[in-house]
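Participant: One letter stands for each residue in the lines below.
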Amino acid sequence: MTLTRARREPRWQGGQRAAAGVSLLLLASCLAACRLDMHIQPRFDPYAPTDLFNDGRSERPMVPGTVAHGHLRTDTLLYTGRINGVVADEFPFPITAADLERGRERFNVYCTPCHDYTGSGRGMVVQRGFQHPAPPSYHIDRLMKAPVGHFFEVMTNGYGAMYSYAARVSVEDRWRIAAYIRALQLSQHATLDDVPAPERGALAGKAP
Amino acid sequence: MAQIFHRSFNTIARVSIYGGLLLLGGLAYVSWVVEQSPLYTDAKLPLVQPIPFSHKHHTVDDGIDCRYCHTSVEKSAFAGLPSTETCMTCHSQLWTNAAMLEPVRASFLTGQSIAWTRVNALPDFVYFNHSIHIHKGIGCTTCHGQLGEMPITWKENTLYMRWCINCHKHPERYIRRREDVFKPIYDPPANQEELGRRLVKAYDVKTPTYLTSCETCHR
Numbered sequence: 007m008t009l010t011r012a013r014r015e016p017r018w019q020g021g022q023r024a025a026a027g028v029s030l031l032l033l034a035s036c037l038a039a040c041r042l043d044m045h046i047q048p049r050f051d052p053y054a055p056t057d058l059f060n061d062g063r064s065e066r067p068m069v070p071g072t073v074a075h076g077h078l079r080t081d082t083l084l085y086t087g088r089i090n091g092v093v094a095d096e097f098p099f100p101i102t103a104a105d106l107e108r109g110r111e112r113f114n115v116y117c118t119p120c121h122d123y124t125g126s127g128r129g130m131v132v133q134r135g136f137q138h139p140a141p142p143s144y145h146i147d148r149l150m151k152a153p154v155g156h157f158f159e160v161m162t163n164g165y166g167a168m169y170s171y172a173a174r175v176s177v178e179d180r181w182r183i184a185a186y187i188r189a190l191q192l193s194q195h196a197t198l199d200d201v202p203a204p205e206r207g208a209l210a211g212k213a214p
Numbered sequence: 003m004a005q006i007f008h009r010s011f012n013t014i015a016r017v018s019i020y021g022g023l024l025l026l027g028g029l030a031y032v033s034w035v036v037e038q039s040p041l042y043t044d045a046k047l048p049l050v051q052p053i054p055f056s057h058k059h060h061t062v063d064d065g066i067d068c069r070y071c072h073t074s075v076e077k078s079a080f081a082g083l084p085s086t087e088t089c090m091t092c093h094s095q096l097w098t099n100a101a102m103l104e105p106v107r108a109s110f111l112t113g114q115s116i117a118w119t120r121v122n123a124l125p126d127f128v129y130f131n132h133s134i135h136i137h138k139g140i141g142c143t144t145c146h147g148q149l150g151e152m153p154i155t156w157k158e159n160t161l162y163m164r165w166c167i168n169c170h171k172h173p174e175r176y177i178r179r180r181e182d183v184f185k186p187i188y189d190p191p192a193n194q195e196e197l198g199r200r201l202v203k204a205y206d207v208k209t210p211t212y213l214t215s216c217e218t219c220h221r
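Protein chains in written order, with my numbering: chain A, 7 to 214; chain B, 3 to 221.
Heads up, none of these hints are tricks.
Far from chain A by the CB rule (all over 10 Å, computed), these chain B residues:
1. Gln-5
2. Gly-21
3. Leu-49
4. Ile-134
5. His-146
6. Pro-153
7. Cys-166
8. Asp-206
Among chain A residues calculated to face chain B with C-beta under 7 Å, some are:
9. His-45
10. Gln-47
11. Pro-52
12. Val-115
13. Pro-119
14. Met-130
15. Val-131
16. Phe-136
17. Tyr-169
18. Arg-174
Because the hints were derived from the structure by calculation, they are not lab data.
Please read these numbers as outputs of a predicted model, since none were measured by experiment.
Ideal Cβ positions, reconstructed from N, Cα and C, are used throughout, including at glycine.
Let the sequences and hints guide you as you build the complete structure.
Facilitator: Structure (structure tokens):
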């Protein structure tokens, strides 16, 4: 007797085959949805780490001495606060009311933690222990007489325990802050005579 | 000819039909719950960071403005993480012996970056820009939660597309005055709807049709 292999019945019939095909397609599309090619594209997000460089940063530091087109710092007063090497007592651009307002806003963000809203040098960070040395008040004689370029220079290069703010505050904003510091100094040494006559009535009875 | 099925199969058939429907409904409900839950969205889960930085302490206790550290938030797409130098502006004098701050000092000395864990991330096919939201009166806490109450930072919202769209459809429900944008704790006023409609007009916020068109966020 010879063993003959039974003829294999086809497992799937017409309609079933179509149904199986469709379900396979559906399953495949489900799997495809799990891919993240579009979510995570082959590019770096800001500050993303990388193995490409030894320091692990995807953001590359500039080569020292790099100057971008149109960014050569030819205006020495604007960028250094000095004229012919002497600390300047003038602004590199006219200060408008809008500039003062911007100066106030930037001062309140970047300077008040130490210098306080009035410039007394008793800001919250100083009260928490930044006291060796504590920042001076803007209202002492030395700083009342200091040229405005001095304040710009301190913000740009740092001074004593104070770090440079050049990376955090733009050049123009540093000048606007300097202008606002001048306004603060005026505010602490103003008399009733400095107030325009029509406004004096509004202050009556409000003196501290 | 004898019946193929016993009469008890009537019950079995009913139970399996209704039970199947119930099972499907249950599955749908469970997947909906899972999709909303921190398990899937990572929202509201405090993250472990190299330094346990407290937004609550720095913003509310110390009164430091958001922009002191996130310097580029008003002018670029990315809010900006502070450089180690920014931390050291105060911490070169304050808590100089704190072990907690050792990674900051080490980074300052060696020039190696501090490897923070990212809290909020959008898929790369989404275009998002911080500066335009800031300028149109959308506050930090609207998306990032009450940072002034977070001792450890977490992702406040799901960042699902429908969450974005909800605000793009109804900006008047979330918009606030520009001077309030950087408040670390903010609760909308009672007259939000009325104020919101006024601000949407004053700040020239685009129409919902524009704000919900595909290319506004997918460009």
